[in-house]
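Engineer: One point on numbering: in this note's numbering, the residue at position 29 of the sequence shown is 274, and numbering is uninterrupted.
No lab work stands behind these hints: they were computed from the structure.
Hints may be right or wrong, so weigh each one.
Pair ranges (Cβ atoms, derived) [to be verified]:
no., residue 1, residue 2, range
1, A295, M259, 35 to 43 Å
2, H262, G307, 42 to 50 Å
3, L326, P297, 27 to 35 Å
4, S312, M275, 41 to 49 Å
5, T311, V274, 43 to 51 Å
6, H301, S265, 25 to 33 Å
No residue lacks a Cβ here, since even glycine has one placed at the ideal position from N, Cα and C.
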Amino acid sequence: MANLPEAMSSSATMLEHGVSHETTLAREVMIAMIEGCGGGAMLAMIAETALPEASHASSVTGLVGTSAVAGFLSTLFVKSLA
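All chains should be modelled from the sequences, with the hints used to inform the complete structure.
Structural biologist: Take a look at the structure:
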């Protein structure tokens with residue numbers, strides 16, 4: 246929520262200069278998607294680095310990182326239900 250005032254002011258400026266509502270919203274959505282992918286990649290990399298034994302024992306490449314991200318997303322989902 247801390248970035249909301251900044252986003253509102255930049256969106257208002259873009260709208261004043263003739264940028265459409267769709268383009269303004271699309272930019273924000275793309276930024277959120279890129280940051281989300283970057284965060285997921287960082288979480289997977291940290292899991293692969295922090296759990297090297299599990300990573301070496303796994304026969305499937307990337308399984309440890311993918312499992313860590315899936316567990317993290319599951320935790321967020323369950324927490325959002327409460």
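Engineer: Looking back at the numbered hints, which does the structure fail to meet, lowest number first?
Structural biologist: 4, 5, 6
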